[in-house]
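Engineer: Spelled out from the first residue to the last, the chains are:
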Amino acid sequence: MNINLKIWRQKSNKTEGKLHKYRLENVDPNISFLEMLDILNNKLIKEQQDPVAFDHDCREGICGSCGFMINGRPHGPQKATTVCQLHMRSFNDEDDILLEPFRAKSFGVIKDLSVDRQSFDRIISSAGFVSVNTGEAGEANQIPIDKSNADEAFLSAACIGCGACVAACKNSSAMLFTSAKVSHLALLPQGEKEKKERVNKMVATMDAEGFGACTNTGACSAECPKEIGQTNIARLNREFIKAQASNLFEKK
Amino acid sequence: MKDFILNAKSPNGDLHTKWEDYKKTLNHLSPEEANKYKVIIIGTGLAGASAAATLAEKGFNIHAFSYHESPRRAHSIAAQGGINAAKNYKKDGDSVMRLFYDTIKGGDFRSREDNVYRLAELSANIIDQCVAQGVPFAREYGGLLDNRSFGGVQVSRTFYARGQTGQQLLLGAYSALSRQTNAKKVKFYPRHDMLDIVTVDGKAKGVITRNLLDGKIEAHSADVVILATGGYSNVYYLSTNAMASNVTANWRAHKKGALFANPSFTQIHPTCIPVKNDFQSKLTLMSESLRNDGRVWVPKKKNDTRKASDIPEEERDYYLERIYPAFGNLVPRDVASRRAKEVCDNGQGVGNTGIAVYLDFKKAIQEKGKDYIKEKYGNLFDMYQNITDENPYKTPMKIYPAVHYTMGGLWVDYNLMTTIPGLFSIGESNFSDHGANRLGASALMQGLADGYFISPHTVMDYLAKEKPNFSNKTEQKEFLDAVKETEKDIEQIMSIKGELVVDEVHRELGKIVWDKVGMARNKEGLENAISSIPKIKEKFWKNVSIPGSDKDMNQELEKALRLKDFIELAELMAYDALDRNESCGGHFREEYQTKENEAERNDTDFKYVAAWGYNKDGKPHLFKEDLKYNNVKLKTRSYK
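Protein sequence lines correspond, in order, to chains A and B. All residue numbers for the first sequence refer to the working numbering, where the first residue is 1 and numbers rise by one. All residue numbers for the second sequence refer to the working numbering, where the first residue is 253 and numbers rise by one.
Careful, some of the hints might be misleading.
[As the list claims (entries may be wrong)] Calculated pairs, DSSO-like style, for lysine-lysine (alpha carbon to alpha carbon, straight line, at most 27 Å):
1) LYS787/B x LYS871/B
2) LYS11/A x LYS740/B
3) LYS794/B x LYS43/A
4) LYS201/A x LYS439/B
5) LYS46/A x LYS719/B
6) LYS628/B x LYS43/A
7) LYS46/A x LYS816/B
8) LYS43/A x LYS880/B
9) LYS803/B x LYS46/A
10) LYS626/B x LYS147/A
11) LYS79/A x LYS628/B
12) LYS787/B x LYS43/A
13) LYS195/A x LYS439/B
14) LYS147/A x LYS622/B
15) LYS193/A x LYS436/B
16) LYS14/A x LYS468/B
17) LYS719/B x LYS261/B
18) LYS749/B x LYS43/A
19) LYS803/B x LYS147/A
20) LYS763/B x LYS46/A
21) LYS147/A x LYS339/B
22) LYS21/A x LYS811/B
23) LYS811/B x LYS46/A
24) LYS803/B x LYS43/A
25) LYS811/B x LYS507/B
26) LYS436/B x LYS195/A
27) LYS79/A x LYS622/B
28) LYS626/B x LYS79/A
29) LYS880/B x LYS261/B
30) LYS880/B x LYS18/A
31) LYS436/B x LYS196/A
32) LYS11/A x LYS468/B
33) LYS749/B x LYS21/A
34) LYS885/B x LYS46/A
35) LYS43/A x LYS763/B
36) LYS46/A x LYS749/B
37) LYS787/B x LYS46/A
38) LYS105/A x LYS803/B
39) LYS871/B x LYS763/B
Hints are computed from structural coordinates only; laboratory data are not their basis. None of these values were measured; they are calculated from a predicted model.
Between the sequences and the hints, there should be enough to build the whole structure, so can you do that?
Structural biologist: This is how it looks when you write it as structure tokens:
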């Protein structure tokens, strides 16, 4: 198959970017999308041009490194699939394919399709943990945990931190990302003690990092490659209101 | 080169109480004292993140480096199956002793008893720690932790979180690390490659890094350096490792005097999706649990181009069931892999390339129903279909072995310290626990045992004997020289301006290593590799092409800096495989096999760890650590 690519090229966060056109012919429909970019890059290098920078590592859909917009959708057209697991057979011969970096105030462009998502790390390090030192843990089976809670916590914990939710949101909100971690820990007894503090701090950090507000359009979950659900956001809101209310109560 | 006397520094005493007794003799620092020391940790996967968090909790100031943007991207995240622990929750007779024995036997009696016992002993603490952090392990309906069984053992001791155990454990370690970042005890350096180790008076005192965003070469000094930089499977170009996994940190340490142990001990995983074309960038593993219900076969006839469904039963060779009636499709990884290669080499391979075998679920679907198979393997079947565009419910899967893990690594003593004082190596980057073959679900266990429970004690003991004065010494000559050296290397690579893309050279190297130092090795092939690898090296230094500038983000330069070290490592792997005139675990020398084509180990002459010293003028120096077995009997593995 032949494809016509339009790719956002930007040398660094200090320079302006613009779209460049590339044509690739005889692309094997069975290669992955990133392998297609490898081929393009090989060609560019041979022509003494700068290859397209993009983040990727495991190429198994689990590390969360990859991700950019394909025809306006984070990770492209296939549901529940990271861009590294997307294959060229999802496209048609002579398709125009537009590639742009995730756009959000809190994700600066580093180069071409690569963006800086360290704001996610700062949200986690504000309180996305259980305060237990190594060696302090008790016997693991001492606290039985309801299987349905454990399974639900797992589904929230499956977030890969790729940033597709932020890119999909018209307000660049990080609610889905933040709520997945709040939910994961709120659902388990281990996270119970720090529940209030956790949600307050994580929401405050999320706001301070410049992420927008959530207006419940659900675009984030729809584009999430790991299908992290909207219930997480509802749970964060509940936890947040409870924490705020108890703060008021304690102050009085 | 200075002669090393390889002393593992294993403490004396009873195997069962050795570690606990030894810990009591180690020097301790209070948090106030610890606060005076700076610790550099390279790599923040399972081992690095867990060590960083734990040492920070003890009061040390941690400077942690990763080439990733975040610790959560480390390749530990891709481990699927699970983590072993001798909890004996199933009351099926499991014990620390049994886990110890299984690991030693699985490693084909080429690992160190004391280290392996300690690993088994600490396994239970790991589960406790991870559960306390909120790792959502699978549970039974009663709310207790669930276990499953895994290859090569007879008990059920594997803890898991669906097929994403590595992800959940890494996120647990990452959360512990994040907590210390928040407490300002850890400073994390994202997108930094470590390019050299700096030693002062023979001791490791710092590193040289390259900032991948602006290309800046920086020196960092510290009182101790810990390498947690993973394995080197990508020397084969194609492997199941993540794209950026590399040997550079370990290789730099090796060139500065750290011995490299058993470099040729690599693990080939039997059930991976086969290579489909020349553009293939990496390989994908399919969990080995599939072999519980899948039957492996190839056509009896050579070069048979018929579709699988057109080949009648009597013309199929279910070779694993035929050769190993007792274990059948469930033989260990190394055996299944080697046999697949054998039938493909014999012209019986399937698919376009002829380099694949069938893994067929037809019988299981007929007998147990499609729903049963879907329930058990649904995710894997979907993943397979997504990648290959074939429906495994209807046509058999095609699989082929791929490189997955490296048992070899930097030689370390019982304290996990390399032969450079003050340089520690933990997780997959050291050689310590898996001998010649690693059992399933034990890589995560080792990474976390090293990071949470071993290195924090031994590193503290080391530091207690050192004066804390290396947190700010980068103006010293050793550091200035190392910076210059690194800048010179980069300048040289940038100035080649040849015609070859880095990946082209890497692919060529990978082909040699895979053909000659892969699943089956022989003297002639290894000698051939030793003579042809230097030609690849020459090609690289004469004709590689790096576009752009080294002063901003340059992913081609990153690859080139990694490849140059892989090339040198490849040569060492061939020397190591050539030296070891026996077959053991993942190291199969064709000259040393029984009449039934099974591995023939030679305990009289090769019951040692081969630890290699760097020699810039040619053949590396071999140092041997004799392996002593006081608690287990050496046996021949048999799966018939």
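Engineer: Taking the numbered hints from earlier one at a time, note which ones the structure violates and give those numbers from smallest to largest.
Structural biologist: When the structure is compared with the hints, numbers 5, 6, 8, 19, 30 and 34 turn out to be violated.
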